[in-house]
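Top line first, the protein sequences correspond to chains A and B.
Under my numbering, think of the first position of the first sequence as 1, with each following residue one higher.
Under my numbering, think of the first position of the second sequence as 1, with each following residue one higher.
Mixed in with the good hints, there may be bad ones.
Stated by the list, open to error - Computed footprint of chain A on chain B, listed as stretches where at least three residues anywhere in the stretch have a Cβ under 8 Å from a Cβ of chain A: (1) 181 to 187; (2) 200 to 214.
To be verified - No more than 25 Å apart at the CA atoms, straight line, and that leaves these computed lysine to any residue pairs for SDA-like: (3) A:K173 - B:H213; (4) A:K173 - A:E137; (5) A:K173 - A:L197; (6) A:K12 - A:Q92; (7) A:K173 - B:N200; (8) A:K173 - B:A199; (9) A:K173 - B:S188; (10) A:K173 - B:E201; (11) A:K12 - A:L31; (12) A:K203 - A:A32; (13) A:K203 - A:A184; (14) A:K173 - B:T202.
Worth flagging that the hints you see were computed from the coordinates, not collected in a lab.
Backbone N, C-alpha and C fix where the C-beta goes; we use that ideal spot for every residue, glycine too.
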Amino acid sequence: MPTENRPNVLLKVAGVSKRFGGLHALDAVDLAIATGSIHAIIGPNGAGKSTLLNVLTGLIAPDSGTVEFDGRSLLGLPTYEINQRGIARVFQTPQVFPEMSLLENVALAALAARDGSFRVNFFQHPARLDAVRERAEALLADIGLGAFLQTEARHLSRGDKRRLELAICLAHKPRLLLLDEPTAGMSHHETHSTVALLRRIAKEGMTKVIIEHDMDVVFSLADRITVLHQGRVIAEGTPDAIRGNPIVQEAYLGGVHA
Amino acid sequence: MITPFGARSRYREFWIMSGVAAVLAALPWLLTLIGGYTELATPILLWGMFALGFDILLGFTGLLSFGHAAFWGLGGYASGMILLRVSNDLLLAVAAGTVVGGAASALLGYLTLRRRGIYFSILTLAFAEMFYYAALAPLQDWTGGDNGLTGIPAAQLFGIAMKGWPIYAVIAAATFAGIYVARRIARSPYGLILRAIKANETRVASTGIHTRHYKFAAFVISGLYAGLAGALSAAYQTYVPTDALHWTTSGQLVMMAVIGGTGTLFGPMLGAGIVLYLQNVLSATIPQWLLVQGLIFMAFVVFLPGGVVEAGRRLARALSRGRKRQPPVPDAASVKGVGSVHAD
Numbered sequence: 001m002p003t004e005n006r007p008n009v010l011l012k013v014a015g016v017s018k019r020f021g022g023l024h025a026l027d028a029v030d031l032a033i034a035t036g037s038i039h040a041i042i043g044p045n046g047a048g049k050s051t052l053l054n055v056l057t058g059l060i061a062p063d064s065g066t067v068e069f070d071g072r073s074l075l076g077l078p079t080y081e082i083n084q085r086g087i088a089r090v091f092q093t094p095q096v097f098p099e100m101s102l103l104e105n106v107a108l109a110a111l112a113a114r115d116g117s118f119r120v121n122f123f124q125h126p127a128r129l130d131a132v133r134e135r136a137e138a139l140l141a142d143i144g145l146g147a148f149l150q151t152e153a154r155h156l157s158r159g160d161k162r163r164l165e166l167a168i169c170l171a172h173k174p175r176l177l178l179l180d181e182p183t184a185g186m187s188h189h190e191t192h193s194t195v196a197l198l199r200r201i202a203k204e205g206m207t208k209v210i211i212e213h214d215m216d217v218v219f220s221l222a223d224r225i226t227v228l229h230q231g232r233v234i235a236e237g238t239p240d241a242i243r244g245n246p247i248v249q250e251a252y253l254g255g256v257h258a
Numbered sequence: 001m002i003t004p005f006g007a008r009s010r011y012r013e014f015w016i017m018s019g020v021a022a023v024l025a026a027l028p029w030l031l032t033l034i035g036g037y038t039e040l041a042t043p044i045l046l047w048g049m050f051a052l053g054f055d056i057l058l059g060f061t062g063l064l065s066f067g068h069a070a071f072w073g074l075g076g077y078a079s080g081m082i083l084l085r086v087s088n089d090l091l092l093a094v095a096a097g098t099v100v101g102g103a104a105s106a107l108l109g110y111l112t113l114r115r116r117g118i119y120f121s122i123l124t125l126a127f128a129e130m131f132y133y134a135a136l137a138p139l140q141d142w143t144g145g146d147n148g149l150t151g152i153p154a155a156q157l158f159g160i161a162m163k164g165w166p167i168y169a170v171i172a173a174a175t176f177a178g179i180y181v182a183r184r185i186a187r188s189p190y191g192l193i194l195r196a197i198k199a200n201e202t203r204v205a206s207t208g209i210h211t212r213h214y215k216f217a218a219f220v221i222s223g224l225y226a227g228l229a230g231a232l233s234a235a236y237q238t239y240v241p242t243d244a245l246h247w248t249t250s251g252q253l254v255m256m257a258v259i260g261g262t263g264t265l266f267g268p269m270l271g272a273g274i275v276l277y278l279q280n281v282l283s284a285t286i287p288q289w290l291l292v293q294g295l296i297f298m299a300f301v302v303f304l305p306g307g308v309v310e311a312g313r314r315l316a317r318a319l320s321r322g323r324k325r326q327p328p329v330p331d332a333a334s335v336k337g338v339g340s341v342h343a344d
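My request is simple: use the sequences and hints to build the entire structure.
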């Protein structure tokens with residue numbers, strides 16, 4: 001799994017808490033994501049999973065705790081800077097640009113990968129964008145949407161929108177990919193092909209954090225699983241250990257308190 | 001839609017700019033054909049340039065500013081004061097007006113872009129009104145107060161007095177350059193990024209882009225256009241009315257952009273032409289002209305938010321559908337099918 005001199009732990013979350021009024025959305029959450037692993041976060045609705053991703057991507061500032069990516073703190077950094085450091089996110093509801101073509105959707109991300117967070121190139125000739133266009137076309141071909149470069153994204157099915165969003169994220173060659181319920185709202189067939197796609201990307205050594213409700217997907221993909229319940233980590237371990245954990249079964253899989 | 005990533009032919013831009021040149025050359029004469037007069041062409045181009053820059057902010061980036069009168073007015077005052085007190089060189093006056101418009105927009109943009117939506121719009125309105133009242137009373141020794149800046153001498157360019165046809169030629173050339181630059185911006189990375197910000201700012205930020213920097217750039221670009229147009233307007237009118245800074249100027253600009261069709265660059269220019277034409281031709285016969293203008297604006301917002309350009313597109317689509325019965329895009333089912341198969 002870990003190679004060369006890369007740190008074994010890519011993302012380290014320690015003691016992160018976040019309150020919304022009286023609600024403890026996150027309560028002293030610890031999390032360590034190993035480099036190259038697929039780490040699933042599961043838990044019932046309202047367990048704090050999406051809040052945790054919002055903290056990791058700088059959309060929400062935690063009340064306390066630390067977040068370190070590759071040994072450097074992420075706290076206080078704006079969203080675009082966190083992305084430029086190598087963390088990309090697929091949102092729970094697909095976030096694409098409906099009125100833009102598929103090519104433009106992915107080219108935007110390829111541009112951000114080429115130019116960084118800001119560059120003064122408002123007079124740049126379109127011919128200088130050929131490399132960006134080729135990269136976007138290659139990414140779209142890779143996810144199987146290469147035949148629809150000039151189609152507007154609003155014409156896509158929900159499943160294909162998510163694949164498009166995945167291509168947007170991959171344009172940066174992120175070191176950590178955050179996936180918020182990547183198969184939600186997909187048909188059985190779409191789920192199957194998305195899992196295959198994620199597995200193929202996993203072979204390229206990209207670290208992934210995946211939030212998922214579909215237990216088949218979780219147990220077939222994840223190397224490690226963290227269980228959140230009411231903002232707290234109640235269990236962490238390998239898929240087999242989680243499956244057999246009585247606390248987890250009571251809190252989540254059995255659905256007693258869920 | 002103008003995009004750097006379209007499937008377009010190589011000579012498209014050449015033909016479009018040739019068409020622009022032809023329209024600019026023929027506009028004064030075209031106006032006489034529809035009951036207007038040749039002199040109307042100059043204000044149409046000045047407001048057209050103002051609206052063109054504004055479209056980069058409103059139509060592309062999705063930011064509704066109610067304060068652009070400030071940049072048009074300050075550009076006009078700067079240009080007028082240079083001509084009045086320093087030199088009658090048109091280039092110097094126009095350069096000063098453009099720089100002042102751009103600098104004022106940088107200041108306002110820095111302050112107002114910290115807020116979004118209606119708060120941004122209100123802030124731009126409030127700041128612009130501050131300039132209006134500053135020009136009206138505390139600075140009246142400089143601005144002429146209520147009377148406006150009067151007695152501006154005719155500018156000169158390469159020894160030619162800037163009035164009548166010569167100044168129309170200069171303004172038409174500036175408009176041509178303005179359109180060329182705006183289309184280049186729309187086809188640069190900025191065009192794509194600004195449109196994306198309008199659609200979903202969080203997604204753009206999550207893709208590693210510093211959205212506030214790009215919004216600031218769009219704001220200053222529109223301020224430079226406003227300053228340039230205002231400066232040329234002062235030289236053309238040899239007069240800067242205090243109204244140039246008034247919020248009604250901003251309101252008229254928004255109206256032109258919406259009537260013409262935002263996000264299309266040509267649309268707001270067309271809107272400027274339509275509003276000024278109706279204002280000058282109909283106001284002679286209809287005393288309640290402003291009431292009619294308000295009704296026209298409301299009709300567009302309610303029934304045709306895409307403006308005249310969208311109306312033209314729908315008409316063209318209806319006509320082409322009559323000829324060949326084919327859907328313009330693949331339906332969702334076929335997209336999904338191929339997408340799923342290839343990934344396995």
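So, going through the hints one by one against the coordinates:
| no. | hint | result |
| --- | --- | --- |
| 1 | 181 to 187 | holds (count 4) |
| 2 | 200 to 214 | holds (count 13) |
| 3 | A:K173 - B:H213 | holds (24 Å) |
| 4 | A:K173 - A:E137 | holds (15 Å) |
| 5 | A:K173 - A:L197 | holds (15 Å) |
| 6 | A:K12 - A:Q92 | holds (23 Å) |
| 7 | A:K173 - B:N200 | holds (22 Å) |
| 8 | A:K173 - B:A199 | holds (24 Å) |
| 9 | A:K173 - B:S188 | holds (23 Å) |
| 10 | A:K173 - B:E201 | holds (21 Å) |
| 11 | A:K12 - A:L31 | holds (6 Å) |
| 12 | A:K203 - A:A32 | holds (21 Å) |
| 13 | A:K203 - A:A184 | holds (23 Å) |
| 14 | A:K173 - B:T202 | holds (20 Å) |
The structure meets every hint from the earlier list without exception.
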